[in-house]
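Undergrad: I would like the entire structure built from these sequences, with the hints used as guidance.
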Amino acid sequence: MVSNVLYHCPCLSASSVPPPPHLESSAYSFHPLHTLFFCEECDAVRCNRCVSVEVSGYYCPNCLFEVPSASVRAEKNRCARNCFMCPNCRNTLSVVPSDPPDAGDGRLSAPISTVGEPPFFLYCNHCRWDSSEVGITFEKPTGLAAQLQKLEDYAPESLEFDRLKEHFEPILPAASAALARDIPGVAKYTPHARSGRPSGKDRSANKDEMPEYKSRLDINHASTYGSGGGDVDVELMRRLEDVSEIASLEQRWNYSWSTSLETRDLKPLRIPLHSKRSKRCPACTHILIKPEQKAQSVRYKIKLVAANYLPAITVALPHQIEMLGHISAEAAKRSTKAPVDDDKDTRGGLQAGKTYPFHMSLTNPLYDPIQVRLSVQRMHVAAAVSSGEGGTIDKARRPPFAISIPTTPFSVAPFAEAWEYEDDEEMFGLDDDELEARLSGREKEPKPRSKTVGILEKRANVTVVGGEVALGKEARGEVKFNMLVAYTYRSDDPAPSEGHDISPSKKAALETKTFAFYTVVDLGNIIPKEEARIDPYDV
Amino acid sequence: MEPPIYYSRAEFIETDTGNKVSRRATIAGPQNIILGGKTIISSGAIIRGDLRRSGPGHAVVISLGRYCVVVGDYVHIGAASVVEAATIGNYVEIGKNCIIGKFTIIKDCAKIADNTVIPPNTVIPALSLFSGSPGHFTEDLPESTQDIVEVQTKQHYARFQPLDRDLVRSSLYYVPYNSHLLVSLPLPMNLLPVNPVTPQQCRNLLLGAASSLQSTL
Ligand SMILES: [Zn+2]
Ligand SMILES: [Zn+2]
Ligand SMILES: [Zn+2]
Ligand SMILES: [Zn+2]
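Here the protein sequences line up with chains Z and R, keeping their order.
Heads up, the first sequence is in our numbering, so the first residue is 27 and it goes up one at a time.
Heads up, the second sequence is in our numbering, so the first residue is 10 and it goes up one at a time.
If you are wondering where the hints come from, they were derived from the structure by calculation, not from laboratory data.
Warning: the hint list may mix true and false statements.
Unchecked claim - Mimicking SDA-like on lysine to any residue, the simulated pairs with C-alpha atoms at most 20 Å apart in a straight line are:
no., chain 1, residue 1, chain 2, residue 2
1, Z, K380, Z, K499
2, R, K163, Z, R104
3, Z, K102, Z, G83
4, Z, K329, Z, L392
5, Z, K329, R, V160
6, Z, K320, Z, R104
7, Z, K329, R, Q155
8, Z, K166, Z, K102
9, R, K163, Z, F441
10, Z, K359, R, A19
TA: This is the structure we're talking about:
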């Protein structure tokens, strides 16, 4: 659907008031509910932009092998087994024997790895790149990374990297200690035992006093290797017949500048490792997300997500729902496949100058009832209008619509395991009259609703409230507004002495707590009046 | 608050366990297919249970879990996608117009964006989004993916409801080929040769599938 509700994360900002929806910064402060976390300690929403992240495990995304963190650095964060990426299209490469199985019987034959004649090579079954083109073949189909080790160790980029590392070695411990102090979760750097660099060098070396770094290969002579823009490259370009003979920047990204420009010189790449991550609250460092150790498990030891604390809010425009249901019914009648997602944006759009009802449904995730109070955030446009010459432009910026929503508090019933969707099939039904009308093709005028703004429906742990948006005659752009949601719930927080000696009066006095958060409600785009009237050119 | 998706009662066979199977879907080798309940198989879908290792004996080659729109539980496969994956985990979402190559392994809670081409032998790790051609890892999915997919697939099932009146049509033999759902068995080699399917065979398959589905589920 076009309409949606996003939730605000203040990201440790001093002000908890979000930016107005027409500002660019709005998009960075609001997130879908299911991507947010909740810190019980701080009683606050956290998002992926503000949580601190720690790696809890590494694995290869292709062979799914869990790589011990001790060997990750030595293996340069890439899979050290049999997993390679196509240098041309980034697909995963297969190991094939030099005598591929005959495909002459009309059947597709998948590459078979463990059988066949040596030498073996790597083959891309998407773009058909094959490693024998660049002179890489293997004696046996296993331990390929080890067989390629030498080639990789002496590649210009790894030699250059080793040289850089050596150059910065003296200041690494101090820099890493500072980083570990400032950013929780960053491990301190411990130099390799096998590092040949004597540690007798002055550790207190100021970084300003670092000697100048001299690269292994002089950039001025890079053209001799085929990428410095010199005569060699000019000659290459001159003879070029197809653009794809030159490797794209993305394809060369992992190499040094001393590598050839040509696509045919690209080497297979070991597949970069993926990681599983824990997430912590940035304020109190409590763990919010802790995945299970096993790489492919989708379970979590700790998972504090906002969806388990805040009510889920969805918004819909009844006239759009009505229209989509109608399209689907028509399709079922004609027994054609309904155009499920197409044309959603154009049909049932919002027209300037009209008033539309909208429904917001709030779902309570808590085992206790909640009292909810909604309010629309006032947009501060008055100041902008009076600000001198830019007045006219700013005036046009004024929200061209008015929103009415129920402002009195209402309740949402608690969540209970028994509320499952299977018992809820009525919720989408048409009543018999409507169905009859639809099938016979004579559509009735929709019954006028007795009320638009207010509480419309309560079922299970869901309350549906109605609102209304009145669009100005000259309105254009998005219909988007910030809404503050405050909800009150029973808190069982202050439970000092458990069990014994609780006076009955204490039990009676239920503690309540209120939590408030901002959302941005997006009802979709306005079709401006002029455009709506003018027919497209294809009359 | 999504709109309902209506279907005609005449087109769909409903089983006691809530499976809804379109008469206009092609189901080959129904004796090798188990539906887990509350599974929707839409019009034009082709499900191949007849691709099995040669040799005697019966083996279930496709098992569709609960709340599938056509392989694990809570799996949604979009329209016009061709799926020949070896295994598909739970809570997997495959978009529209995708091609999932042979022997692909899709782990739990993975998602494949619309119009993605996954080459054969690809491994798609848990909780990752793949897109493009060839399909690449694009991003990690949120920690609550499992919960979202469960709710969405259940909602989809609830939205999928009959228009009350039966509507009789004459175009019974027509099997549209624009939308294929093809689930191959998790056995890498020695597949029986695939025979071309004629409209006549399609009809026989449909009738056979209908009766056997109704009796076995
Ligand atoms: Zn944040
Ligand atoms: Zn690997
Ligand atoms: Zn390739
Ligand atoms: Zn905290």
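Undergrad: Work down the list of hints and note, for each, if the structure agrees.
TA: Here is how each hint holds up against the structure:
Taking the CA atoms of K380 (chain Z) and K499 (chain Z), the gap is near 8 Å; set against the 20 Å cutoff, the hint holds. With a C-alpha separation of about 39 Å, the suggested pair K163 (chain R) and R104 (chain Z) falls outside the 20 Å cut-off, and the hint is violated. In summary, the hint linking K102 (chain Z) to G83 (chain Z) is supported, as the alpha carbons are separated by about 15 Å, within the 20 Å threshold. This hinted pair checks out: K329 (chain Z) and L392 (chain Z) have alpha carbons roughly 16 Å apart, not beyond 20 Å.
Proposed proximity of K329 (chain Z) and V160 (chain R) is supported: the alpha carbons are some 18 Å apart, at most 20 Å. Among the hinted pairs, K320 (chain Z) with R104 (chain Z) is consistent with the structure: their alpha-carbon atoms are about 19 Å apart, no more than 20 Å. A C-alpha spacing of about 12 Å is found between K329 (chain Z) and Q155 (chain R), which places the hinted pair at or below 20 Å, so the restraint holds. For a cut-off of 20 Å, the pair hint linking K166 (chain Z) to K102 (chain Z) is broken: about 24 Å separates their Cα positions.
For the proposed pair K163 (chain R) and F441 (chain Z), the alpha carbon gap of about 17 Å is at most 20 Å, so the pair holds. Proposed proximity of K359 (chain Z) and A19 (chain R) is supported: the alpha carbons are some 10 Å apart, at most 20 Å.
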